[in-house]
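Asker: In the order they appear, the protein sequences are chains A and B. The numbering used here puts the first sequence at residues 411 to 1563. The numbering used here puts the second sequence at residues 11 to 386.
There could be a bad hint or two in this list.
[Stated by the list, open to error] Subject to a maximum C-alpha distance of 27 Å in a straight line, what follows is the list of computed DSS-like cross-link-like pairs (lysine-lysine):
1) B:Lys114 / A:Lys770
2) A:Lys974 / A:Lys951
3) B:Lys300 / B:Lys203
4) B:Lys95 / A:Lys1082
5) A:Lys1369 / A:Lys1445
6) A:Lys1219 / A:Lys1421
7) A:Lys959 / B:Lys114
8) A:Lys827 / A:Lys859
9) A:Lys1544 / A:Lys444
10) A:Lys959 / A:Lys933
11) A:Lys1395 / A:Lys1369
12) A:Lys933 / B:Lys114
13) A:Lys1082 / B:Lys114
14) B:Lys64 / B:Lys95
15) A:Lys933 / A:Lys1082
16) B:Lys324 / B:Lys273
17) B:Lys91 / A:Lys591
18) A:Lys444 / A:Lys1541
19) A:Lys957 / A:Lys974
20) A:Lys567 / A:Lys597
21) A:Lys957 / B:Lys114
22) A:Lys827 / A:Lys567
23) B:Lys230 / B:Lys155
24) A:Lys933 / B:Lys91
25) B:Lys172 / A:Lys959
26) A:Lys1082 / B:Lys91
27) A:Lys603 / A:Lys646
28) A:Lys933 / A:Lys491
29) A:Lys959 / A:Lys1082
30) B:Lys95 / B:Lys332
31) B:Lys300 / B:Lys172
32) A:Lys591 / B:Lys95
33) A:Lys1329 / A:Lys1421
Just so you know, these hints were derived from the structure itself, not from any lab. Everything numeric in this text was worked out from a predicted model, so none of it was measured.
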Amino acid sequence: MARCMKMPDTQRQSKKSPPAVNSDSFVFLDARGKRWPRLRLIMFVSGLLFFIGVILFAQALFLPSPLTLPPAVQQLKSRLKTLQNKEHQSKQLATKPLWLNFSKGNSEPVATFPFLTDQSGAVSPLKKERRPQFACIQEIRLGFYESWDPGSFDSLKANAGNLTHLCPDWLTVEDGRGGLKAVEEQKVLDLVKDRGLVLLPLLRNMGGEGAWRPEAVEGLVNGPVVRQDQFIVSLKNRLKTMGAGGVVIDWEQVDPSYRGAMAALLRRIALALHADGMELWLCVPMGRELRALDLDGLAEHVDHFVAMLHDENSESDPPGPIASAEWFNGWLDTIIGYGESSQWVLALGSYGYDWTEGEKEAETVRFQDVMSRAGRSSLASCEFEAPTYNPHFEYEDSGAAHTLWFLDAVTFLNQLKAGRAQHVGGVAISRLGTEDPGIWQALRLDAAKPLTRANLATLETIKPGEAIAHIGRGNFITMADERGNGVRRLVLDKKDDLEAPVIERYEKFPSYLTIVHQGRGAKDAVAITFDDGPDPKWTPKILDILKAKGVSATFFMVGANMEKYPSLVRRIVREGHTVGIHTYTHPNIALVSEERAYLEFNATQRVIEAITDHSTILFRPPYNADTNPHDPEELVPIKLAQKLGYITVTEDIDPEDWARPGVAAMVENIKKGRQQGGNIVLLHDAGGERSQTVEALPAIIDYLQARGDSIVGLSAMLGIPLAELMPAVPQSQRSMSRVISESGFAAIHAVAEFFWAFMIVATTLVVIRTLTVAGLAVRSRRAGESGLPAAAGPHPPVSVLIAAYNEEKVIEQTLRAVLNSAYPGEIEVVVVDDGSQDVTAQIVAGMAASEGRIHLLRQINLGKATALKTGFDAVSHEIVISLDADTQFTPATIGELVRPFAEPSVAAVSGRARVGNPKTFVARFQSLEYTCGFNLDRRAYHLLNCITVVPGAVSAFRKSAVFAAGGISTDTLAEDTDLTLCLHKRGLKICYAPRGVAWTEAPETIRAFAKQRFRWAFGTLQCLWKHRDMLFNVKYRALGLFSLPSAWFFNILLVALGPIIDAILLISLLMSPANNILYVYFLVFLGADLLLAAVACLIEREPLSQVWLVLPMRFVYRPVLSYAVITAIVKASKGVLVGWGKLDRTASVTYNA
Amino acid sequence: MKAISTRGSSAGMKTILGCVVVVLCGLALVAGCQRDDAARDKGQGPQALVMPDKGAYTGAYVDFGEGEDDVTYDAITAFEKLTGKHLAVVAFGNFWGEQAFPAKSVRIVSGYGAIPLIYWSPWDRPYAEDRGPDRFNLPDILAGKWDAYIDQWADGARDYGKPMLVAWGVEMNGTWFPWSGAYYGGGTVVGQKDGQPLYAGPELVKQAYRYVVDRVRARKADNILWGFHANHYTMPHAPWNMMTNYYPGPDYVDWLGLSVYGKMLQSEDWNLFDTVMDAPYQEICRLDQKKPLILAEWGVGEFPPADKAEFIAKAFADLPTKYPRVKAAVYWHERWENTDGSYSNLRVNSSPEALDAYRSGVAAAYWLDRPQFRPR
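So here's chain A without its partners, still in its complex pose (with noise of 0.2 Å):
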């Protein structure tokens, strides 16, 4: 490449022959034409290993890793099994049966009880009082509904068309000084409004942990007067806030001494409720609990009796049957003895107790649950015979002896058909939520009619429908999806005889959605989890509780953060922790579809395994990690997961911190947890503010440690090895896939981190570089003030060059103008015509002709450099005045121009170039772009005579010195400024004359305008490119330090990556537009254009108006200015010779004038 040095001799002579264009010296040209071929491939190939790691990244994520369930982890199908050689053990009912002791035949009376003599004063009033009547006399149908089981509103939704009463759980008495604790929910409320039930709510004596508070009633029914009164009252107003018509009274484990009493108490309270139009009901328990209550006493104003046919087995007593036939005749044909038949109302069970051998306390179950176990077990039937009439089986899972005893539609229709023959006044359904669907077909049978074979038919077919099964105990759970229906065969135990039972059969059962539980764990273990992690500030401070409680826990991490905080990762694990995954982004996994689960599966076991090589099998669902999943929404991440091969871990102790409830409330709902049998306890430490769950969290583990419990992982639990559930990726066996998720994650880490770097370098710059400008241009106004007046100072003759290259429209204003310089010295104008294809050279030689001043020289189309540089070796004066033939001069500009030549060392002076033909907006822009940007750059840089470009518009040289550092060069396209950096390295000085106006002629549009800023983007980048030793230079100072690498990253730089910035931030405005960073950078950058454009619009006292144009101008102006630097980046790396501007030609023919 050619350097700043003497030019040969030779050379100088132009008018001689004209002079070759440089070809073998012109920047970037690749003369042998390898560059761009090899670059090409270079492209290539890089292009081809960039795409494959892509693809292989993608692989990674979306196909799934071989994840294989541990064989401890049993599978369905081989867990239930039929129970072998068990013996049946028959209950010998070797005492008197209890309800013939309460018989109203008996023959022993009452008082066999000693102490059953009333005790309290209460005086009953004989006189019969009169009872609301209700005029219809249909069947009573009540359903007992939990208000805790969604199960229960599902039935009681689908089935209120055939109910007429509805008794919810929701009041409570809890202590004995009459206090009422009432828990409604308006969305049965209005049900029960909508569909015309009548509300009869359920009170009981029971606490909160779920045992029965004698003293509750007890001390209403001792206390004094006016306690019962006030709690009556309440009743009162609770049960008409509710709109109910009554309530039914459920009060249990009441010492039988205070039968009296009780009596006395329940009457005014009758008293009060049939006052306001309202019914008192009592549920009456079949058994030794009969004894607290007179029946005969009360039949008078209670309005309904609900007996309690079933438990005859509960929960807490052996397995035996739950209302054999026998037990509940006994039973019925008992109470039928006190009062109306019509005013019993008869609560049949249809649900089942799993006793499991060993175990205290038998699982209540639902229908499907039973029929599930059942099925699975490859059970060919149940048990069904005399005297109970009761099915039952019994069945195996995971080595424990289950006996499962349960009440269906069959029971039910027979406990109906004896209720019915006894003329009650209905049945209450016990309870909604694990009713066998059956019963509602059963209840819809004619009473009347006996039986036939059709009407059992109805019963046969079992439907699973959408209900849900569940088997087994425990959080970790998998799902089994094939449902089916069931057949049962129904027969007359004997024909034609109203009274016979019907008998069942099984002969399949129907198989449900069925979700299986495992590792319930020991019954003393809890585990706790912590979701969504991990979390700079929060994680830190659990682990280290942790560390100092000797506590193990287990973190469902969400990828998206494990990715930003892989340290804490390692760490968990490190410290003994177990790693479960929670989904790469937390969306709801039902929601999404299929594909983009799998990547949120794969995407999170990836980085687990990257950063902590091992995989992990443990699953928690976003949103739905509750034990019992009831919607199907809830199954569907369930599925997903199990196909992929993970266990998911549900929870059932959920203090909800995320909701902060206080410290005593959440350890206050650990304890209900722990009472009710939970042992997985949900926390977070990451999403959202969880100081109160890191203030917690000593709390809990105290509190767990001070009861007894032992806090385990989840493998102790399930009963797992921890290496089974957390399987280490061996060193040996990393497949390549790994090596590219790793890289991959890496590379989008790194990226994502150099981009925020560089737009915070990027945008203190741009502040720095704004600030510093604008300072240095307005010291250099203020000194600039002071200058030396135009009259002063010397006048030399001055020889005005001009290079023109089919510019007969404009080019006789120019000479004019030129001509008009109110200059007293002497001015030469010499216009070489870079041949013309139009008639610029006959005006010129026409004008030449009159004015002795001009003169003419023609050359071949060879550009506009070497044009110059036939100039410059013909024009006779030192001083040269360059300019373009576009250009109008003012009269005062060449004065100006000339006056600092009065300094020796100045070499060269810019002068201010300005827009004459502002008319179109891209000249507006352009207009704009000179004021704050070329003319204040300069007279910023004047200051620290760092000029990087003297414009040829405008501009005025010491002939000496330019020849001395080598003349105009060829060899770029901008040579402009190739002079100003040659001259600048002899050590020279430029300046800039601020009023040394000239008026150009900015391109209209915006094509011209971008192929005009191509040719300077690409001059430019030859320029720097051929001064590149000048960057950084201390010698240089200013220049090297200060204008050289603004230029390469303002203007070059900058402005190339300007679309890439401006699209990734469009991204990410879309993708979070909460993120006000990235309107911080935006804003920082307008805010520094629009400064700069301010100060220099009131320095060079231009209307201030036009500063607003720099908004539309970052939009459009911008992006052109992109186009213009990108392409000629790409131009410089092709290595093509890049003429002058119209046409790109390479010299071969000369032309002699």
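Fit chain B to the known structure of chain A by using the hints.
Answerer: Chain B only, in chain A's frame:
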């Protein structure tokens, strides 16, 4: 002063030297002892329970189920919440029928911040009263049949290490428990001592008591405070059955204990606390002048219209004034069903009035809610 001869001066020197040595040794000893004390003061060594000079410890048995041993943290804290005061003593049963030291229960009690009081009764399942001796009968115990169990239990107690109160042979002067003297010959005279007859029942009971305590002490379970726990009334009410006859001796007893109940059954009469406490208190205090007395069980049932609140309030009033030797009172909070179907509800909250009386009674500063310890 006379001139001292050289011989006298060397003797004087020896004396002075001797004194210095003695003083130094004494200082060393004292320093050495103090170092041990310092260690003990930090709570590192074995601890002993401090019986308060003024005041008495609160305590309760909180309805721990059929075997009186289903001790849960939640039950204890629920009682605390109900009565408004922390418990210093938590009492529960650990019957021989369970054949294990209740390690978990004592840990829960000590974690809660109370000292356990264990009724370590030689009783077999199903823990029915009025049944007479079962396999844990006294001759078998004395024959060594249950030595292994006693040793294992003692080891458990020793490993637990912290102070615990143990009552063996509770209410032996009655008839409802199988270890009572009434089942082992009762009033049959078997010998003489100091002019007093020795009776079969009480002698056997004392012998068995000493045997058990000796065995446990041999296993180095020194953290146990042994209690002599008698019933407030003797049944049958005969001279041979007096609690004095059952007293095993001061070396075998660390604390005296009494069960004092008001009306518990329908068949009983209603009495106030002092009526049932006066006589037994005097009798047991005569057995030893210094040993602390623990009201190891007390309570009264709810039998309206009788005023349970009054009983409780008066009990709390009388204990500090009339019965100052009582250093701890353990309330029996239970409701049970009797064989005839009636209920006995001794719970403090059997009625709101009773609960209020208990709450205000126990709130007094006289009742200390945390056990105090000192190095042993």
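Asker: Give a verdict on every hint.
Answerer: Hints, one by one, checked against the model:
1. Distance check on the hinted pair: Lys114 (chain B) and Lys770 (chain A) sit about 20 Å apart at the alpha-carbon level, within 27 Å; holds.
2. Distance check on the hinted pair: Lys974 (chain A) and Lys951 (chain A) sit about 18 Å apart at the alpha-carbon level, within 27 Å; holds.
3. Our distance criterion of 27 Å between C-alpha atoms is met by Lys300 (chain B) and Lys203 (chain B), whose separation comes to about 25 Å.
4. With a C-alpha separation of about 22 Å, the suggested pair Lys95 (chain B) and Lys1082 (chain A) falls inside the 27 Å cut-off, and the hint holds.
5. Taken as a hint, the Lys1369 (chain A) and Lys1445 (chain A) pair is honoured in the structure, with Cα atoms around 24 Å apart against an allowance of 27 Å.
6. Proximity of Lys1219 (chain A) to Lys1421 (chain A) is assessed by CA-CA distance (about 20 Å); at most 27 Å being required, the pair is judged to hold.
7. Of the pairs offered as hints, the one joining Lys959 (chain A) and Lys114 (chain B) holds, with about 19 Å between alpha carbons and a cut-off of 27 Å not exceeded.
8. Restraint check: the Cα-Cα separation between Lys827 (chain A) and Lys859 (chain A) comes to about 11 Å, which is no more than 27 Å; the hinted pair holds.
9. With a C-alpha separation of about 9 Å, the suggested pairing of Lys1544 (chain A) with Lys444 (chain A) holds against the 27 Å cut-off.
10. This hinted pair checks out: Lys959 (chain A) and Lys933 (chain A) have alpha carbons roughly 21 Å apart, not beyond 27 Å.
11. Restraint check for Lys1395 (chain A) and Lys1369 (chain A): the C-alpha separation of about 16 Å stays at or below 27 Å, so the hint holds.
12. The straight-line distance between the Cα atoms of Lys933 (chain A) and Lys114 (chain B) is roughly 13 Å, inside the 27 Å bound, and the hint therefore holds.
13. Taken as a hint, the Lys1082 (chain A) and Lys114 (chain B) pair is honoured in the structure, with Cα atoms around 21 Å apart against an allowance of 27 Å.
14. Of the pairs offered as hints, the one joining Lys64 (chain B) and Lys95 (chain B) holds, with about 18 Å between alpha carbons and a cut-off of 27 Å not exceeded.
15. Restraint check for Lys933 (chain A) and Lys1082 (chain A): satisfied, since their Cα atoms lie roughly 15 Å apart, inside the 27 Å limit.
16. At roughly 15 Å between alpha-carbon atoms, Lys324 (chain B) and Lys273 (chain B) fall within 27 Å of each other, so this suggested pair holds.
17. About 19 Å separates the Cα atoms of Lys91 (chain B) and Lys591 (chain A), which keeps this hinted pair within 27 Å; it holds.
18. This hinted pair checks out: Lys444 (chain A) and Lys1541 (chain A) have alpha carbons roughly 14 Å apart, not beyond 27 Å.
19. Restraint check for Lys957 (chain A) and Lys974 (chain A): satisfied, since their Cα atoms lie roughly 23 Å apart, inside the 27 Å limit.
20. Taking the CA atoms of Lys567 (chain A) and Lys597 (chain A), the gap is about 10 Å. The hint holds against a cut of 27 Å.
21. This hinted pair checks out: Lys957 (chain A) and Lys114 (chain B) have alpha carbons roughly 24 Å apart, not beyond 27 Å.
22. The straight-line distance between the Cα atoms of Lys827 (chain A) and Lys567 (chain A) is roughly 26 Å, inside the 27 Å bound, and the hint therefore holds.
23. A threshold of 27 Å between alpha carbons decides the hint, and for Lys230 (chain B) with Lys155 (chain B) the separation of about 21 Å falls inside it, so the pair holds.
24. Annotation: proposed proximity of Lys933 (chain A) to Lys91 (chain B) holds, straight-line Cα distance about 26 Å (limit 27 Å).
25. Between Lys172 (chain B) and Lys959 (chain A) the alpha-carbon distance is near 22 Å, which keeps this suggested pair within the 27 Å criterion.
26. With a C-alpha separation of about 16 Å, the suggested pair Lys1082 (chain A) and Lys91 (chain B) falls inside the 27 Å cut-off, and the hint holds.
27. Taking the CA atoms of Lys603 (chain A) and Lys646 (chain A), the gap is near 19 Å; set against the 27 Å cutoff, the hint holds.
28. For the suggested pair Lys933 (chain A) and Lys491 (chain A), the alpha carbons sit about 24 Å apart, so the restraint of at most 27 Å is met.
29. A hinted pair counts as satisfied when its Cα atoms are at most 27 Å apart, and Lys959 (chain A) with Lys1082 (chain A) qualifies at roughly 23 Å.
30. For the hint pairing Lys95 (chain B) with Lys332 (chain B), the CA-to-CA distance comes to about 23 Å; that is within 27 Å, so the pair holds.
31. Among the hinted pairs, Lys300 (chain B) with Lys172 (chain B) is consistent with the structure: their alpha-carbon atoms are about 23 Å apart, no more than 27 Å.
32. Simply put, Lys591 (chain A) and Lys95 (chain B) have alpha-carbon atoms about 26 Å apart, close enough for the 27 Å limit, and the pair holds.
33. Restraint check: the Cα-Cα separation between Lys1329 (chain A) and Lys1421 (chain A) comes to about 19 Å, which is no more than 27 Å; the hinted pair holds.
Hint violations for this structure: none, all hints satisfied.
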